[in-house]
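Undergrad: Sequences listed follow chains A and B, in order. Number 114 in the working numbering belongs to position 61 of the first sequence; there are no gaps in the numbering. Number 1178 in the working numbering belongs to position 129 of the second sequence; there are no gaps in the numbering.
Simulated from the structure, these hints should not be mistaken for laboratory data. Honestly, I wouldn't trust all of these hints.
[Unchecked claim] Cross-link-like lysine-lysine pairs, in silico, DSS-like; alpha carbons within 30 Å at most:
id: 1; chain 1: B; residue 1: K1135; chain 2: A; residue 2: K203
id: 2; chain 1: A; residue 1: K92; chain 2: B; residue 2: K1054
id: 3; chain 1: A; residue 1: K121; chain 2: A; residue 2: K55
id: 4; chain 1: A; residue 1: K121; chain 2: B; residue 2: K1135
id: 5; chain 1: B; residue 1: K1103; chain 2: B; residue 2: K1080
id: 6; chain 1: A; residue 1: K206; chain 2: B; residue 2: K1135
id: 7; chain 1: A; residue 1: K206; chain 2: B; residue 2: K1103
id: 8; chain 1: A; residue 1: K55; chain 2: B; residue 2: K1135
id: 9; chain 1: A; residue 1: K305; chain 2: A; residue 2: K203
id: 10; chain 1: A; residue 1: K91; chain 2: A; residue 2: K139
id: 11; chain 1: B; residue 1: K1054; chain 2: B; residue 2: K1100
id: 12; chain 1: A; residue 1: K113; chain 2: B; residue 2: K1135
id: 13; chain 1: A; residue 1: K154; chain 2: A; residue 2: K55
id: 14; chain 1: A; residue 1: K232; chain 2: A; residue 2: K55
id: 15; chain 1: B; residue 1: K1100; chain 2: A; residue 2: K232
[Claimed, not checked] Using C-beta positions, here's what the derived DEER-type ranges look like:
id: 16; chain 1: A; residue 1: T142; chain 2: B; residue 2: E1214; range: 55 to 61 Å
id: 17; chain 1: A; residue 1: N308; chain 2: B; residue 2: M1050; range: 54 to 60 Å
id: 18; chain 1: B; residue 1: K1135; chain 2: A; residue 2: H98; range: 21 to 27 Å
id: 19; chain 1: A; residue 1: E292; chain 2: B; residue 2: K1135; range: 45 to 51 Å
id: 20; chain 1: A; residue 1: N308; chain 2: B; residue 2: E1071; range: 57 to 63 Å
id: 21; chain 1: A; residue 1: G205; chain 2: B; residue 2: E1218; range: 30 to 36 Å
id: 22; chain 1: A; residue 1: R88; chain 2: B; residue 2: L1073; range: 28 to 34 Å
id: 23; chain 1: A; residue 1: H98; chain 2: B; residue 2: P1139; range: 29 to 35 Å
id: 24; chain 1: B; residue 1: G1185; chain 2: A; residue 2: R57; range: 37 to 43 Å
id: 25; chain 1: A; residue 1: H98; chain 2: B; residue 2: D1194; range: 31 to 37 Å
[What the hints assert, rightly or not] Part of the chain A face toward chain B, derived, beta carbon under 10 Å:
id: 26; residue: T78
id: 27; residue: P94
id: 28; residue: T95
id: 29; residue: R97
Keep in mind the model is a prediction, meaning the values are calculated, not measured. All C-beta atoms, glycine included, are put in the ideal place defined by N, C-alpha and C.
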Amino acid sequence: MKLRSQHLLGLEGVSADEINLILDTAVTLKEILSRPIKKVPTLRHITVLNLFYEPSTRTKISFELAEKRLSADSIGFAKASSSVVKGETLLDTVWNIEAMKIDMVVIRHSVSGTPLFLTKNCSSKIINAGDGCHEHPTQGLLDIFTIREKYGKIEGLRVAIVGDIKHSRVARSNIWGLKALGASVAVCAPTTLLPYEVEKMGVDVYTRIEEALEGADVVNVLRLQKERQSAGLLPTLREYSNRFCITTERLKYLNKNFTIMHPGPMNRGVEISSEVADGPFSVILSQVTNGVAVRMAVLYLLSGGVGKIE
Amino acid sequence: MAETKIMDTKGIARSINRITHEILEHNSGAKDMVIVGIRTRGAYIAERLAKAIKRIEKTELPVGAVDITMYRDDVTIRLEQPIIQKTNLPFSIDDKIVILVDDVLYTGRTVRAALNELMDYGRSRCIQLAVLVDRGHRELPIRADYVAIQLQTFRGENVIVKLKEYDKEDAVILQQNNGGE
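Between the sequences and the hints, there should be enough to build the whole structure, so can you do that?
TA: Okay, structure coming up:
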């Protein structure tokens, strides 16, 4: 069993078998993180460039740690301190770094489709670490991993994704992955923050939070992306908070043994209350731990066949 | 392809019994001893060794298993990555006598990987290697301390070990290519 693509651009079109392969591999690799020496020599032959054109704390550190735990050489790149500020184009930047012999590129970019564009113009294997409003596949995988870890399955669960669906790559990756594994998905947002024809992704669409939470096992709360709010989508943050914030009061609509997730960074008091975020049903920090294991699995599985075949 | 059955349930049981006695004799008992099997089949042989030691010495030894996939030296040349199983060492190996167990000793590369993995888990007093079958053709300077069956083989031949716990039957089988090498 192997992944069909040599890149990871998104979870759209990725089969249930492939997702399960990644998750099963991550289960095993997670054990390495609790060893006295948290490192295995597997990817010593691989050099990975972490090309982050957008700010990131979790994803960037998570990828770097995943690479280091597998003994890959990892190169960091921050837009602000690079020649991008002198006007160097994306392709020139990648080609120049590729000339220094790298094998994989982890890319985060504000423009949707940038990772796909790189696969057509570069020789490295490409991992999407978030592209615009398109996909954030490793976040989707780590969310699904965290749910599976708690319930032992995905099939038959009801997952509500609440918040700025329109601008959320996390929502898209979650929806594709969860649907592939047989979960039912509800999305909930003000109409202005719902993508056009979102129901065609096979989800139930709500604009009232109470209805969306009714009967759900998992709530994945999205960050309200203030940087992507062009004027007019929301009257005020306060109104959004009043209508959509996940508060203790609203948890009563959920199924027993429910789970609260958030991909981070949180706007406490806007989309989620501190009481819920830090409460006993929150797995927000487990998500972060699992992120390293899931990214290790992706790096490991994509590294197959690097080099010459004898 | 001709197949010869070298050993059955009884034969394997006798051999494991014999090496158990050798292990206990060599170490003057089972004090500070832990048993670690290499997945997949080495882990089951490790369990059997531990049972035999319990019968003789009346002590229960800690048994663990290592999956050496992440330590292999052929990561770069394989087209697809093998599925990894969990390494499970729920005890410290510091200052312990580690009996490392595998089913077939061939090139020695698996044992090399397992040794590296064990080193990452701690500093054992010593590591001793026990195998069910030693079929020769080493590519590294590695040898077993305890060998149940010494088998003369050609490189082109296959040695197949089957264990009840995993394969529903006990057998050691030699597959010969017609005409040999």
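Undergrad: Against each hint, give a clear statement of whether it holds in the structure.
TA: Consistency of the hints with the structure:
Restraint check: the Cα-Cα separation between K1135/B and K203/A comes to about 19 Å, which is no more than 30 Å; the hinted pair holds. This hinted pair does not check out: K92/A and K1054/B have alpha carbons roughly 41 Å apart, beyond 30 Å. For the hint linking K121/A to K55/A, the alpha-carbon distance of about 23 Å falls within 30 Å, and the restraint holds. The hinted pair formed by K121/A and K1135/B meets the criterion: a straight-line CA distance of about 20 Å does not exceed 30 Å.
For a cut-off of 30 Å, the pair hint linking K1103/B to K1080/B stands: about 12 Å separates their Cα positions. Taking the CA atoms of K206/A and K1135/B, the gap is about 19 Å. The hint holds against a cut of 30 Å. Proposed proximity of K206/A and K1103/B is contradicted: the alpha carbons are some 39 Å apart, above 30 Å. With a C-alpha separation of about 19 Å, the suggested pair K55/A and K1135/B falls inside the 30 Å cut-off, and the hint holds.
For the hint pairing K305/A with K203/A, the CA-to-CA distance comes to about 20 Å; that is within 30 Å, so the pair holds. Restraint check for K91/A and K139/A: not satisfied, since their Cα atoms lie roughly 39 Å apart, outside the 30 Å limit. The straight-line distance between the Cα atoms of K1054/B and K1100/B is roughly 25 Å, inside the 30 Å bound, and the hint therefore holds. Simply put, K113/A and K1135/B have alpha-carbon atoms about 27 Å apart, close enough for the 30 Å limit, and the pair holds.
About 25 Å separates the Cα atoms of K154/A and K55/A, which keeps this hinted pair within 30 Å; it holds. Between K232/A and K55/A, the direct Cα distance comes to roughly 21 Å. Compliance with the 30 Å bound is thereby established for this hinted pair. Restraint check for K1100/B and K232/A: the C-alpha separation of about 47 Å exceeds 30 Å, so the hint is violated. For T142/A paired with E1214/B, a C-beta distance near 59 Å keeps the hint of 55 to 61 Å intact.
A hinted range of 54 to 60 Å for the beta carbons of N308/A and M1050/B is consistent with their spacing of about 57 Å. Here the CB-CB span from K1135/B to H98/A is close to 24 Å, well matched to the stated 21 to 27 Å. For the hinted restraint 45 to 51 Å between E292/A and K1135/B, the CB-CB distance of approximately 49 Å keeps it satisfied. For the hinted restraint 57 to 63 Å between N308/A and E1071/B, the CB-CB distance of approximately 58 Å keeps it satisfied.
The hinted range of 30 to 36 Å is satisfied by G205/A and E1218/B, whose Cβ atoms lie roughly 32 Å apart. Between R88/A and L1073/B the Cβ separation comes to about 30 Å, which falls inside the hinted range of 28 to 34 Å. H98/A and P1139/B have their C-beta atoms about 31 Å apart, which keeps the hinted 29 to 35 Å range intact. At about 40 Å, the beta-carbon gap between G1185/B and R57/A stays in the expected band of 37 to 43 Å.
Restraint check, H98/A to D1194/B: a C-beta distance of roughly 33 Å satisfies the suggested window 31 to 37 Å. Interface hint at T78/A: satisfied, since its Cβ lies 6 Å from the closest Cβ of chain B, which is below the 10 Å cut-off. Hint status for P94/A relative to chain B: holds, with the closest Cβ pair at about 6 Å, below 10 Å. Because the beta carbon of T95/A sits about 4 Å from the nearest beta carbon in chain B, less than 10 Å, this interface hint is met.
The interface hint given for R97/A holds, since its Cβ lies 8 Å from the closest Cβ of chain B, which is under the 10 Å cut-off.
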